[in-house]
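Sequences and hints are given; from them, build the entire structure.
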Amino acid sequence: MDFILKGMGQALMLLIQGDPETYSAVGVTLYVSSVSMAASLLTGIPAGFILGFYDFRGRKSLRLIVDTLLALPTVFIGLLVYALVSSRGPLGPLGLLFSVPAIAIGQTILAFPVVTALTATAVEGMDRHLRPTLMSLGASRRQVVKSCLWEVRYGLLAAGVTAYGRVMTEVGISMMVGGNIKWHTRTITTAIALETGKGMFETGIALGMVLLFIAFAVNVSLSFLRRK
Amino acid sequence: MKDPIFDLCHIKHEYQEKTVFEEDHLGISPGTITGLTGPNGSGKSTLLNILGLIIKPTHGVVTFMGYPVGPFSDKARHSIALLPQQPYLLKRSVFNNVAYGLFIRKDTVNLKHRVFEALDAVGLSPDQFAHRHDHQLSGGEARRVALASRLVLRPEVLLLDEPTSHVDEQSSRLMRTAVLNARDIWKTTLVISSHDREWLYSISDTVLTLFRGRIYHHGRINILYGPWEKWKDDLYHGPGHDNACPLPVPEPPHDHAVAILPARFLGLKRDKDAIPEGAFSLFCHVTGISIERKTKKIFVFLMNGKTPLISEVNDEYLSYVKPGMRVNAYYYLNDFSFS
Chain A
13 MDFILKGMGQ ALMLLIQGDP ETYSAVGVTL YVSSVSMAAS LLTGIPAGFI
63 LGFYDFRGRK SLRLIVDTLL ALPTVFIGLL VYALVSSRGP LGPLGLLFSV
113 PAIAIGQTIL AFPVVTALTA TAVEGMDRHL RPTLMSLGAS RRQVVKSCLW
163 EVRYGLLAAG VTAYGRVMTE VGISMMVGGN IKWHTRTITT AIALETGKGM
213 FETGIALGMV LLFIAFAVNV SLSFLRRK
Chain B
31 MKDPIFDLCH IKHEYQEKTV FEEDHLGISP GTITGLTGPN GSGKSTLLNI
81 LGLIIKPTHG VVTFMGYPVG PFSDKARHSI ALLPQQPYLL KRSVFNNVAY
131 GLFIRKDTVN LKHRVFEALD AVGLSPDQFA HRHDHQLSGG EARRVALASR
181 LVLRPEVLLL DEPTSHVDEQ SSRLMRTAVL NARDIWKTTL VISSHDREWL
231 YSISDTVLTL FRGRIYHHGR INILYGPWEK WKDDLYHGPG HDNACPLPVP
281 EPPHDHAVAI LPARFLGLKR DKDAIPEGAF SLFCHVTGIS IERKTKKIFV
331 FLMNGKTPLI SEVNDEYLSY VKPGMRVNAY YYLNDFSFS
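Here the protein sequences line up with chains A and B, keeping their order.
Convert by adding 12 to the 1-based position in the first sequence; the result is the number in my numbering.
Convert by adding 30 to the 1-based position in the second sequence; the result is the number in my numbering.
These aren't lab readings, by the way, just hints derived from the structure by calculation.
Certain hints may be false.
Quick partial rundown of chain A residues pointing at chain B, CB under 7 Å, derived from the structure [stated by the list, open to error]:
| id | residue |
| --- | --- |
| 1 | D139 |
| 2 | H141 |
| 3 | L142 |
| 4 | T145 |
| 5 | M147 |
| 6 | L149 |
| 7 | G150 |
| 8 | A151 |
| 9 | R153 |
| 10 | Q155 |
| 11 | E163 |
DSSO-like mimics (lysine-lysine), calculated; alpha carbons at most 30 Å apart, straight line [to be verified]:
| id | chain 1 | residue 1 | chain 2 | residue 2 |
| --- | --- | --- | --- | --- |
| 12 | A | K158 | B | K32 |
| 13 | A | K210 | A | K18 |
| 14 | B | K217 | B | K32 |
| 15 | B | K121 | A | K158 |
| 16 | B | K105 | A | K158 |
| 17 | B | K142 | B | K217 |
| 18 | A | K72 | B | K262 |
| 19 | A | K158 | B | K142 |
| 20 | B | K260 | B | K336 |
| 21 | B | K302 | B | K262 |
| 22 | B | K299 | B | K327 |
| 23 | B | K327 | B | K217 |
| 24 | A | K72 | B | K121 |
| 25 | B | K299 | B | K352 |
| 26 | B | K86 | A | K158 |
| 27 | B | K217 | B | K326 |
| 28 | B | K299 | B | K326 |
| 29 | A | K72 | B | K86 |
| 30 | B | K217 | B | K86 |
| 31 | B | K336 | B | K302 |
| 32 | B | K299 | B | K262 |
| 33 | B | K105 | B | K42 |
| 34 | B | K336 | B | K352 |
| 35 | B | K217 | B | K324 |
By construction, the Cβ of each residue, glycine as well, lies at the ideal position given by its N, Cα and C atoms.
Pasting the structure below:
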């Protein structure tokens, strides 16, 4: 038990003193998760809206596929992206292997089904009187879509938070396609895995606390937005 | 006669392969109030949704001011407003709910004044209600906010689907006043469906009776429907008349035929007065009296068991017919027609 408490104390010191290695991992994590979240929200929200709002042929099958993708293992995504960006893969010439963009691609694939499925669920749960109400007030097609999205904004926030949670905490993708390169592609989670393997619990716990703090800050901001 | 503001030609609307509304031709004149009456499921809401450009009929053409229109039609969507039977308030403040239609029209000049005026028109104090949230309103208040969000648009056509159902008497009265003001002040064309027959008949220029997705007649009529059961001799009666006072009709052409008796052919006598020879009579209770706005004709609303009836009477009846009293209604069999 002692080494955990000692680790927590030393973790605080690392954070307060601004340990460059720790902050490098935090910086990479924040950057890559922001890029992947932006990409997954930009593609996942429209996809989820179409899936939840419109009735088209094959919709149920598509929904089943998206729901299945919610359980995608991160190591499988890592493998897939590795195959794509390695020198033998179709994106090989771009030289993305063991780079931050490669991690971002993998995390986007991870977050996309989460955002899509939860957006579709929120849109499906929308009051069925909303669309005729908006039309009865003279809204155009685009205005109907915008207003519907605004009406389900809390559902979209929940989709974003859930996807962010998965992206922030994944290890498999970052390790496989990022390579855990110090100062370059080392994220909080890969650093924790490495430090724990080396027996350096203090750094591991410090990074874990940062991860928790980021998650806390995100949720506090969203809760504030929700109250507004 | 002015050109109709709405013209419906060969309209047929199907839902799950079942025809829910069908009409060869219907024109609605500008500046008029058209009432829609009929039992639940008769097609009133479908007609209002077609006129409100919420649904596109399966067949046929709807023209508005001479232009063929449909859902999201730029020619009409800013001129027509529909208050659905179950209006939905957006998840935002009362002010933003009322202002929504103005925002999407980018018509925000003097916004606050116009929103407050609309709230006033439906009897909601702007100071008390403008900043409340949708979930802080009672059912009647929410309905009035929904009406205010249509009135603020000052539409050329206002369509109201059961505007006063499920609201208390005060809300109902305020909504009626607001609707009549829209007609009188802005010359809005109104189409209103309501189960409140007295009110509907008293304000409408034309009342359309719908039944099983069809408009049966223009004017005040009684509709009786099957399945028909033989009563005695060559007389039949519909469902709900197995009490001591059935409403017999001549032999219907088929089981689903609809029997029609114009209001002017349903006479009234006091309980103790003699009925003319050859006429059938039945005891009814008076539920209301209404005077037609344009013609000043007097209509008495009656209930025979569960069957609502309407009778057109002379002003001499006004002296003794009162709501709640029992009267003798009478008619001749040959005044019935079948459709």
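- prompt: Among all the numbered hints in the text so far, which are the ones the structure does not match?
  reply: 12, 18
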